[in-house]
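There are 2 protein chains.
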Amino acid sequence: MKKSLGAKTYLYPAPVLVIGTYDEKGKPNIAPVSWAGICCSDPPCIAISMRKATYTYKNIMLKKTFTISIPSEKYITQTDYIGMVSGKNVDKFAKTKLTPVKSEYVDAPYVEEFPVVIECELYHTIELGLHTQFVGKVINVRADESLVDNEGALDIKKINPLIFTPDTYAYYGVGDYLCQAFSKGESLK
Amino acid sequence: MKKSLGAKTYLYPAPVLVIGTYDEKGKPNIAPVSWAGICCSDPPCIAISMRKATYTYKNIMLKKTFTISIPSEKYITQTDYIGMVSGKNVDKFAKTKLTPVKSEYVDAPYVEEFPVVIECELYHTIELGLHTQFVGKVINVRADESLVDNEGALDIKKINPLIFTPDTYAYYGVGDYLCQAFSKGESLK
Chain U
1 MKKSLGAKTY LYPAPVLVIG TYDEKGKPNI APVSWAGICC SDPPCIAISM
51 RKATYTYKNI MLKKTFTISI PSEKYITQTD YIGMVSGKNV DKFAKTKLTP
101 VKSEYVDAPY VEEFPVVIEC ELYHTIELGL HTQFVGKVIN VRADESLVDN
151 EGALDIKKIN PLIFTPDTYA YYGVGDYLCQ AFSKGESLK
Chain S
1 MKKSLGAKTY LYPAPVLVIG TYDEKGKPNI APVSWAGICC SDPPCIAISM
51 RKATYTYKNI MLKKTFTISI PSEKYITQTD YIGMVSGKNV DKFAKTKLTP
101 VKSEYVDAPY VEEFPVVIEC ELYHTIELGL HTQFVGKVIN VRADESLVDN
151 EGALDIKKIN PLIFTPDTYA YYGVGDYLCQ AFSKGESLK
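Heads up: the sequence lines are chains U and S, in that order. Mapping of the first sequence onto our numbering: position 132 corresponds to residue 132, and the numbering continues sequentially without gaps. Mapping of the second sequence onto our numbering: position 129 corresponds to residue 129, and the numbering continues sequentially without gaps.
The hints are simulated quantities; they were obtained by calculation from the structure and are not laboratory data. Possibly wrong hints are sitting among the right ones.
To be verified - Label pairs and their computed distance ranges (CB to CB):
#1 U/Lys102 <-> S/Gly26: 52 to 60 Å
#2 U/Glu112 <-> S/Lys157: 32 to 40 Å
#3 U/Phe182 <-> S/Lys74: 17 to 25 Å
#4 U/Ser146 <-> S/Tyr177: 22 to 30 Å
#5 U/Glu112 <-> S/Glu24: 48 to 56 Å
#6 S/Tyr169 <-> U/Ala94: 36 to 44 Å
#7 S/Gln180 <-> U/Glu112: 26 to 34 Å
Note that the structure is a prediction, hence the values are computed from the model and not measured. For glycine and all other residues, C-beta sits at the position ideal for the given N, C-alpha and C.
All chains should be built: construct the whole structure from the sequences, respecting the hints.
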């Protein structure tokens, strides 16, 4: 028996991503987002949503670019912290001792210590309500060399990214490998 | 040292969601998507992306509604299968023995056996390229009563949803609870 819970943003799992931008003075800033997802394969696009009140919103509107750095569980404290303060008042890189690196392809910084980085140009801006959705066209992905296999694929268990739960506001890790896609389904064909 | 991998849709974790729609004859259909995410808190919105060639694309354009049913790991075989065939040729509900239930709020079916269901009205349609992004305004969430606590929140470990890796095409489970958001970050304030 199912129970109705009303109109809510429940979705499982939600990611934990860190958006890197520069402000008008060139100060690098980082902010976490969980309202995000892949949205197109060709051109490769990832959508992130920000509230207008945020420093990152202003920076993206200014520079039309951003990076997405994916934190591993090891950096959960820093990632949690940067969601609690605003770049308006705080130099988050200085405070977390994370290292800003200017992207080679876009005018935005990424986090050197995080294992995977996605460099995006702003492709579409969609006003939805409290949040504005920024669709980023992926220009390049970079990852720690130790994570990359011969096919250029990554091991999610080595990335060790965080999961966010939109209702209980908690972080979880990634669990066990289950199987390849398009494998178990064969039995129903 | 980071290695550049080119323009790719790498993001971790990506969800595994099942989109429910009716066709013009009222036949219920389901299709999995991983190109998806929450995109606005108010109004609550979730974005999913589909290729134009899919049966689900046609159905959403026709009915302007869809549901999102979140499969638990228990249904990995059925979920994998429905991504391998098209609703043009197959009655996927019949083949998987899953039960279609007409949503109370929107003109679309959901999967009775899956623990969480999100009922959406089409809010925006954004042509991105190979994929079209459908932004759904959440009208209602429903969940198995056994999963709902006194505050109307759910336990992701009981939902036991799937994770998809966009580079290695594999399914993973959800791992351990780590901590609440806005907790560990206090130490850096």
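Results of checking the hints against the structure:
1. U/Lys102 <-> S/Gly26: 52 to 60 Å: 55 Å, holds
2. U/Glu112 <-> S/Lys157: 32 to 40 Å: 33 Å, holds
3. U/Phe182 <-> S/Lys74: 17 to 25 Å: Given a distance of about 19 Å, which is inside 17 to 25 Å, the answer is holds.
4. U/Ser146 <-> S/Tyr177: 22 to 30 Å: 27 Å, holds
5. U/Glu112 <-> S/Glu24: 48 to 56 Å: 53 Å, holds
6. S/Tyr169 <-> U/Ala94: 36 to 44 Å: The hint (36 to 44 Å, Cβ to Cβ) holds, given that tyrosine 169 of chain S and alanine 94 of chain U are roughly 40 Å apart.
7. S/Gln180 <-> U/Glu112: 26 to 34 Å: Holds - the Cβ-Cβ distance for glutamine 180 of chain S and glutamate 112 of chain U, about 27 Å, lies within 26 to 34 Å.
The earlier numbered hints are all upheld by this structure, with none contradicted.
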